[in-house]
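The chain contents come next:
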Amino acid sequence: MEINIKHIAELAMLEINDDEANMIAEEMLEMIDMVSDLPELYDESCMSCEMELREDKAAVCEQSSEDLLNNAVETYKNCFTVPRTVEH
Amino acid sequence: MKLCDKSVTELHDMLINRKCSAKELLTDVTERAKSIQSALNCYITFNEKASEEAEEADRRLAAGDKVTMLTGIPVAVKDNISTKGLKTTCASRMLENYIPPYDATVIEKLKSAGAIISGKTNMDEFAMGSASDTGIFGAVGNPVESGFSAGGSSGGSAAAVASGAAVIALGSDTGGSVRQPASFCGVVGFCPSYGAVSRYGLIAFASSLDRIGSLGRNVTDAFLLHNIINGADSKDVTTIRKNFSFNPSKSLNGVKIGIPNEIFNAFISEEVSECINNSLNILKKHGAQLVEVSLPSVKEAVKAYYIISSAEASSNLARYDGVRYGHRCKVSSTLADFYKKSRSEGFGLEVKRRIMLGTFVLSEGYSDSYYKRAVALRNKIYQEYDNAFQCCDIIASPVYPQTCISFDEPQQFTDRYMSDIFTVPSNLAGLPAISIPCGKSRSGMPVGMQLIGNRFEDSRVFETAYGFELYGGAFCGY
Amino acid sequence: MDIEAVIGLEVHVELNTSSKLYCSCKNMFGAEPNTNICPVCLGLPGTLPRLNKQACYHAVKMGHALNCRINNRSRQDRKNYFYPDLPKAYQISQADIPLCEDGYIDIYVDDKEIRVGIERIHIEEDAGKLLHDNSDSTLCDYNRCGVPLIEIVTRPDMKEPAEARAFLENIKSILLYIGISDCKMQEGSIRCDVNVSVHEKGSPIGTRCELKNINSFSAALRGMEYEIKRQTEIIEKGGRIERETRRWDDKTGVSILMRNKETAQDYRFFPEPDLGIIALDEKTIEKLKAEIPELPNKKMIRYINEYGLNASEAFIIASSPDKAALFDECADLNMCSIHSAANRIVGEITRYINDTGKNISETGIKAYELCELCSAHEKGIVSSSGAKAVLEELINQGGKTYEIINRLGLEQNTDPEFLSKLADKIIAENEKSVIDYQNGKRNAIGYLIGQAMKASNGKAAPSEIGKIILNKLKKEN
Chain E
0 MEINIKHIAE
10 LAMLEINDDE
20 ANMIAEEMLE
30 MIDMVSDLPE
40 LYDESCMSCE
50 MELREDKAAV
60 CEQSSEDLLN
70 NAVETYKNCF
80 TVPRTVEH
Chain G
7 MKLCDKSVTE
17 LHDMLINRKC
27 SAKELLTDVT
37 ERAKSIQSAL
47 NCYITFNEKA
57 SEEAEEADRR
67 LAAGDKVTML
77 TGIPVAVKDN
87 ISTKGLKTTC
97 ASRMLENYIP
107 PYDATVIEKL
117 KSAGAIISGK
127 TNMDEFAMGS
137 ASDTGIFGAV
147 GNPVESGFSA
157 GGSSGGSAAA
167 VASGAAVIAL
177 GSDTGGSVRQ
187 PASFCGVVGF
197 CPSYGAVSRY
207 GLIAFASSLD
217 RIGSLGRNVT
227 DAFLLHNIIN
237 GADSKDVTTI
247 RKNFSFNPSK
257 SLNGVKIGIP
267 NEIFNAFISE
277 EVSECINNSL
287 NILKKHGAQL
297 VEVSLPSVKE
307 AVKAYYIISS
317 AEASSNLARY
327 DGVRYGHRCK
337 VSSTLADFYK
347 KSRSEGFGLE
357 VKRRIMLGTF
367 VLSEGYSDSY
377 YKRAVALRNK
387 IYQEYDNAFQ
397 CCDIIASPVY
407 PQTCISFDEP
417 QQFTDRYMSD
427 IFTVPSNLAG
437 LPAISIPCGK
447 SRSGMPVGMQ
457 LIGNRFEDSR
467 VFETAYGFEL
477 YGGAFCGY
Chain Y
28 MDIEAVIGLE
38 VHVELNTSSK
48 LYCSCKNMFG
58 AEPNTNICPV
68 CLGLPGTLPR
78 LNKQACYHAV
88 KMGHALNCRI
98 NNRSRQDRKN
108 YFYPDLPKAY
118 QISQADIPLC
128 EDGYIDIYVD
138 DKEIRVGIER
148 IHIEEDAGKL
158 LHDNSDSTLC
168 DYNRCGVPLI
178 EIVTRPDMKE
188 PAEARAFLEN
198 IKSILLYIGI
208 SDCKMQEGSI
218 RCDVNVSVHE
228 KGSPIGTRCE
238 LKNINSFSAA
248 LRGMEYEIKR
258 QTEIIEKGGR
268 IERETRRWDD
278 KTGVSILMRN
288 KETAQDYRFF
298 PEPDLGIIAL
308 DEKTIEKLKA
318 EIPELPNKKM
328 IRYINEYGLN
338 ASEAFIIASS
348 PDKAALFDEC
358 ADLNMCSIHS
368 AANRIVGEIT
378 RYINDTGKNI
388 SETGIKAYEL
398 CELCSAHEKG
408 IVSSSGAKAV
418 LEELINQGGK
428 TYEIINRLGL
438 EQNTDPEFLS
448 KLADKIIAEN
458 EKSVIDYQNG
468 KRNAIGYLIG
478 QAMKASNGKA
488 APSEIGKIIL
498 NKLKKEN
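Chains as they are written, first to last, in this note's numbering: chain E, 0 to 87; chain G, 7 to 484; chain Y, 28 to 504.
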């Protein structure tokens, strides 16, 4: 099996150089090999439980806007920033 | 015996009778922690406000106001549990400077019980690892022999408890991360039923597997900690409404202990095997009944575990993009370049490896053959445990196939993964499990036995462990 | 070549709940950037979502309104992709098991009935907004993150842009009827993606292209027309349509390639492990069904059959719940010709609402007063222009019809004795016009009515006085 490491890295938004790509490809093949003889089961039934739904009541957030922006390395005009991007 | 080596029960008596103060206890714990920090590297961050918290606890103790078993008791907290105003790094460069603006539910509960957060403990990066050696702050040494690993990923918590650098500690357990280091360090580590303890504030690795577990030097200490943090939480809809009791006087008479043959003989080292067999004999001698149970799919559990946990991790860790918190690259050209640089600089190799695997198993064309089959296998394991618990109360096994992991002998990571064979099944099935000291290797390294209970029968796990502790298990830290 | 288009729509609607979908932040529009956020909608490490009950109920109501099957156990899934408006780098949505499936809606386009199949309706969270400042950075405002949305996905059952437009108008009208969205287009509370394909008549359906970034119904119309033309030209030149996602630029009127097969997104859907099953019991589902009012389609047909309104009047009234409520109340009061009430609702009242953007409850008009006014006009108590003035004031300020008539001095005298004497006086004083009339100059009557109005200071009801003068002239003959 061939794994397209570059494509996976693109999906995962990771920068993988050629050396790393080779190493990770090798490791992933090993891992894929480890998991490849999974039994042929197709049971999609979901184990998760029913959940309680939240009542639709608005509440004021405990944290201030400032508290919530505090961990960002860069902010501007009370906004988080990313390199300039066009609409997608 | 110094204060920091005493049990919660003893300390509680001393505190309410004013034989010692919370402040003295904290000083003792902190001094011990700092004295061994360079050798063992248990902590990432000490809580600068701990001493204020201890003074407040002393006021509560003096006034007899809202005193609980944990009032004034120092608790170490794994560094992936959010603490308001106190750095929470996940041992990752990504979150090296991250200060949560809110407390995890378990932290709120500890604070309102009057417990003191001594600091944040070292771990594998984002809890991915089994030797506490993948984080950026260096590996955690084993208190018995610092050339060996304390285990992982909650190695800092286990080593701190074992060495008196904390009285009790919180860890997290996604595939054995509380139980395995507990076993390596000779302490008790409990991983509750999925849903028994709120995950709100626990920085997610794999949401459907993650639990917050309790570590102590004896079963009662671990229980007392679990008892404070467990319970339904409206902030975590996967929690369940159920209260757990603990009846420590319960004997082992009539307890049916299941032995899963399929995995029992698989690559267990001779020394571990010896310890477990001795322990099973002790259980039997004191009234427990040993029965064989069949868990045919459990030997495949590691595969399902690595697929599901990596898949969830790839999604859970996608939010670290350098925008709102966490490491942000200095120079970038495009948006994609910015994301890739920030993430690649912020994450270590083990984390990247798992994100890559997780992304792959969910990607188009592969999801059916990997992710969906792993989920199906998980469902099968779930059902097999349900069946097994029809004919036993507790399932016993080793915690880890080897007695220790040496820092000097590099291991193939897939071998390391396969060694999680005993701990991951209970995570997949949502079951409560405990690691309890059950002997030592010839070189003196502690060995733990695992007791797994049926879903939401957390009390029974504690009771059985307590019974075993009375007759055979004992804290065997250094 | 005889080419036919096939259109399918994905409509995103913001629900008007009090709080967001997965946290307790207010569901509101227009706050200062990042002042309506919390650890949960900001996706801080360790936070967990809690699903809003009302949002589920709203989605189920829409499911009922569109004749869907409601799944009493449904699931939520993560849709994974990186974009700066998505703080968790995944959107919580529903993939395999949505809340509602397999419905339909019958719509009328040019008096022709068309059934549009509804594939599914699911709930999902909205993303934040990106602001493009003059600086080198794009700014992220996360206030809108976590606002509850439903996505309505149709089957490819529409053939023309006009049908798609009628479908969208129907959806908007139903949303207003069941009260689950404010439908404020300018605030982006309804958005849609369009799937278009073309094929030669008789051949199988072609490869579709998805058109994104459509901000209004008219933009949707333009986008579809452009896309049909673009694809038709390719087919006619013997080319092949590739599966693409295209971005509609309404300003320049062209669609631009965003992603093709090679660069297609891989969303890596999997069940959201932080949430459990959404379980709805039969009782709740039935209760929500019972809360659905008579919907516009049914109402429109009833208006045509029961009151004899024409299709366009019936459509204008029925498609807006507050106009329909006003009309229904007038019909219940039964004080005036229902046609004149309908006329005024479709005419002056609709014009006012379109001009001001208000809804009827924000105006002063009440059904009872509207009926009083219509009946006063029918009885000749106010003239047409007088009635207009009164209606204007009723709309602007409210009040009582007769008080306004009196205050403005618009009441016309309809007393037969008064009118008879007035007629006699006018006939006596205008001999020349009377002779003209009798000599066949029919329009001389108009002059006589004018004189009567003048003599009575405008108080004589013109239609009444006209009739009386005519009668008297006929008698004299």
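Bear in mind the hints are in silico, worked out from the structure with no lab data behind them.
Owing to the predicted nature of the structure, the values given are computational and were not obtained by experimental measurement.
Check before you lean on any hint, since a few could be wrong.
What the hints assert, rightly or not - The list that follows gives simulated cross-link-like pairs (lysine-lysine, DSSO-like), each with its CA atoms no further than 30 Å apart:
id : chain 1 : residue 1 : chain 2 : residue 2
1  : Y       : K211      : E       : K56
2  : Y       : K156      : G       : K336
3  : E       : K76       : G       : K90
4  : E       : K56       : G       : K378
5  : E       : K5        : Y       : K106
6  : Y       : K80       : G       : K115
7  : Y       : K427      : E       : K56
8  : E       : K56       : Y       : K80
9  : E       : K56       : G       : K90
10 : E       : K5        : Y       : K239
11 : Y       : K310      : G       : K248
12 : Y       : K156      : E       : K56
13 : E       : K76       : Y       : K156
14 : G       : K336      : E       : K76
15 : E       : K76       : Y       : K53
16 : E       : K76       : Y       : K228
17 : Y       : K53       : Y       : K239
18 : Y       : K256      : E       : K56
19 : Y       : K427      : Y       : K385
20 : E       : K5        : G       : K378
21 : G       : K336      : E       : K56
22 : Y       : K448      : E       : K5
23 : G       : K115      : Y       : K53
24 : Y       : K385      : E       : K56
25 : G       : K93       : E       : K76
26 : Y       : K256      : Y       : K228
These are the hints, each one checked on the structure:
1. K211/Y <-> K56/E: Judged against 30 Å, a Cα distance of about 22 Å means the pair holds.
2. K156/Y <-> K336/G: At roughly 24 Å apart (the allowed maximum being 30 Å), K336/G and K156/Y satisfy the hint.
3. K76/E <-> K90/G: Status holds; Cα separation ~25 Å.
4. K56/E <-> K378/G: Measuring from Cα to Cα gives roughly 37 Å; hence the hint is violated.
5. K5/E <-> K106/Y: holds (21 Å)
6. K80/Y <-> K115/G: The given pair, whose Cα atoms are some 27 Å apart, holds under the 30 Å limit.
7. K427/Y <-> K56/E: Since the Cα atoms of K427/Y and K56/E sit roughly 40 Å apart, the hinted pair is violated (cutoff 30 Å).
8. K56/E <-> K80/Y: holds (10 Å)
9. K56/E <-> K90/G: holds (25 Å)
10. K5/E <-> K239/Y: Given pair K5/E, K239/Y holds - Cα atoms ~28 Å apart, limit 30 Å.
11. K310/Y <-> K248/G: holds (27 Å)
12. K156/Y <-> K56/E: holds (24 Å)
13. K76/E <-> K156/Y: Roughly 14 Å between the alpha carbons, so the hint for K76/E and K156/Y holds.
14. K336/G <-> K76/E: holds (20 Å)
15. K76/E <-> K53/Y: It holds: about 22 Å lies between the C-alpha atoms, which stays within 30 Å.
16. K76/E <-> K228/Y: violated (55 Å)
17. K53/Y <-> K239/Y: Holds. K53/Y to K239/Y sits at ~28 Å (cutoff 30 Å).
18. K256/Y <-> K56/E: This hinted pair is violated, its Cα atoms lying about 48 Å apart.
19. K427/Y <-> K385/Y: This hinted pair holds, its Cα atoms lying about 21 Å apart.
20. K5/E <-> K378/G: Between K5/E and K378/G the Cα gap is close to 23 Å, so the pair holds against 30 Å.
21. K336/G <-> K56/E: violated (41 Å)
22. K448/Y <-> K5/E: violated (101 Å)
23. K115/G <-> K53/Y: Holds, because 27 Å separates the two Cα atoms, which is no more than 30 Å.
24. K385/Y <-> K56/E: The given pair, whose Cα atoms are some 27 Å apart, holds under the 30 Å limit.
25. K93/G <-> K76/E: holds (26 Å)
26. K256/Y <-> K228/Y: Since the Cα atoms of K256/Y and K228/Y sit roughly 16 Å apart, the hinted pair holds (cutoff 30 Å).
Hints 4, 7, 16, 18, 21 and 22 from the list above are not met by this structure, while the remaining hints are.
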